[in-house]
Amino acid sequence: MRALVRIASWLYALAVYGFIFLPVVVLVLFSLQATSFPIPPFTGPSLRWYGAVLSDTRLTSALVNSLLVAVLSSLAAVTLGFLSAWGFARFTLPSSALLRGLITLPLTVSYLIIGMGLLVLFNWAGVPKSLLAAGIGHVVINLPLCFAIIYSQMGDHQINIERAARDLGAPEWKVLLLITVPVMAPAIFAGFFLSMTFSWDEFVISFLLTRFDTTLPVEIWNLLRSGLNPKTNAIGSLVFAVSIVLVVLFELTLLRRKPA
Amino acid sequence: MSNAANSGRALPRAGCALPRAPLPWALVTPALGWTLLFFVLPFLAMGLSSLTAHEGGGFTLANYSQFFTDPSYWRAMVNSLEVTAIVTVISVLLAYPFAWILAEQVPERWQRLALMLAVLPFWTSYVVRSYSWLLVLAQNGVINRALTSLGLVAEPLQLANTRFATVTGFVHFFVMLLTLTIFANLKQLSPSYRKAAADLGAGPVRTFLHVVLPLTLPGIMVGAFLTFVLCIGDYITPQILGGNNELLMPQLVMMQIGRRGDFPLASALSIILMAVVTVAYLACARWLKIERA
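Sequences listed follow chains A and B, in order.
So for the first sequence, the working numbering puts the first residue at 106; every next one is plus one.
So for the second sequence, the working numbering puts the first residue at 60; every next one is plus one.
Because the hints were derived from the structure by calculation, they are not lab data.
Keep in mind that the hints are not guaranteed to be accurate.
Partner residues are not named here, just some residues of chain A that face chain B (Cβ under 10 Å, in silico) [stated by the list, open to error]:
| id | residue |
| --- | --- |
| 1 | F135 |
| 2 | T302 |
| 3 | T337 |
Backbone N, C-alpha and C fix where the C-beta goes; we use that ideal spot for every residue, glycine too.
Just need the whole structure built from these sequences, with the hints factored in.
Take a look at the structure:
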């Protein structure tokens with residue numbers, strides 16, 4: 106009976122792993138296709154389509170735009186999130202629960218609706234479509250996330266260190282920069298990292314709020330109009346590789362920081 | 060979270076240097092202002108817009124009545140609810156045994172690696188993930204090529220641009236998500252429950268059915284609700300994999316903007332979609348006891 110469960114478990118797990126990896130393997134394999142269609146039979150390996158991606162200025166500039174929007178919007182989100190988390194955790198404010206609820210509210214609304222709202226508002230206010238507009242949208246989706254992560258990590262033990270610093274005469278800004286930020290660094294880093302990945306991968310808000318200069322997911326979307334194309338496989342594989350490197354780095358940093 | 064809330068109240072005590080009163084507001088105002096300006100205000104703008112006509116003129120409920128009277132709009136909502144329900148059920152049924160195997164059958168020291176592997180494709184770009192399934196399911200794609208060369212089918216099957224393709228793409232994503240949440244749930248379960256059940260004479264099957272499953276049910280409900288919310292609001296997967304053969308709600312919304320620039324109608328449809336999610340949330344709220352750290 107026990108052996109039977111084991112064998113069945115192995116088979117089931119293998120099947121699910123197969124399902125999970127099938128599209129990724131097909132994506133990467135046919136990015137190495139030598140001919141113009143990413144469908145069987147496999148004619149590679151060839152790096153032809155990677156060359157095509159790297160010499161496509163639309164894709165490379167979209168990649169730079171994406172990085173720029175991801176870094177700047179995450180910085181803004183994590184800064185706003187940290188300051189407000191600190192304010193709510195350390196001081197008693199009237200109707201604190203309500204205000205905290207307001208800050209986390211965007212988490213419950215789909216990106217499509219957040220993007221639609223900003224589109225309608227910017228359209229009325231005469232704000233042109235741009236990377237800045239998309240960046241503002243990315244801060245809207247990532248601020249509640251940063252706030253929730255950092256707020257949940259602000260515990261009692263850090264208060265005493267801050268209190269000690271104040272008793273010793275440190276002004277408020279020194280407490281913030283020299284005590285609170287270093288103590289909260291893991292949570293701040295986690296919020297920043299998650300914001301980066303969400304912004305990097307976000308499609309629908311950027312699609313609605315940018316026009317000519319746009320982000321990588323939107324540019325990849327534009328590529329899809331030409332049907333199945335090994336170039337799409339190549340850029341997709343590159344994006345995947347970058348994400349894997351980031352995730353592994355993240356795991357390693359977190360593991361190192363965690364007291365065993 | 061409750062920790063932090065209590066400590067906030069505990070702070071202003073005699074003997075500690077109290078910061079000046081404006082400081083707390085200076086800390087929280089930027090975030091509150093941002094949320095009001097770029098989340099609440101846009102939502103109000105969308106609400107107002109939904110009450111106007113595309114052609115101009117005064118306030119009207121025409122956009123809403125159009126949804127309730129035009130069967131093709133209704134159809135999109137029904138399609139969305141059907142697809143979301145199918146995706147949620149299949150994803151939970153696939154992910155639970157998988158998470159259970161990872162948590163109970165895989166040796167402890169391999170678990171972290173096994174879990175990381177299981178969610179690795181999670182990190183591919185969302186657009187690219189849907190495109191990858193298109194490669195797999197295309198007319199002359201990998202699956203059809205395999206089936207025809209094995210002689211199992213004479214003609215390639217129509218797999219892409221169908222509801223089947225949309226569901227497959229969604230299930231792929233949510234199996235990974237649910238595996239993560241259910242795995243965490245199973246690991247949180249104290250081993251003493253299982254020991255107690257065994258001591259009282261329950262076999263492995265009875266222990267699972269009467270102890271493990273009921274205790275992980277709240278976690279499953281949260282995961283299923285998350286799946287529902289993310290799935291019903293998604294535009295990419297149905298647009299790339301389902302094509303335009305049958306429309307889901309997000310596709311209908313985007314169509315109003317793309318083809319006709321009809322912001323009022325798109326706004327009304329967005330608000331209806333959001334209302335449906337809210338109703339679903341209220342209906343499930345009893346089972347959704349989201350635990351806070």
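Which numbered hints fail = none
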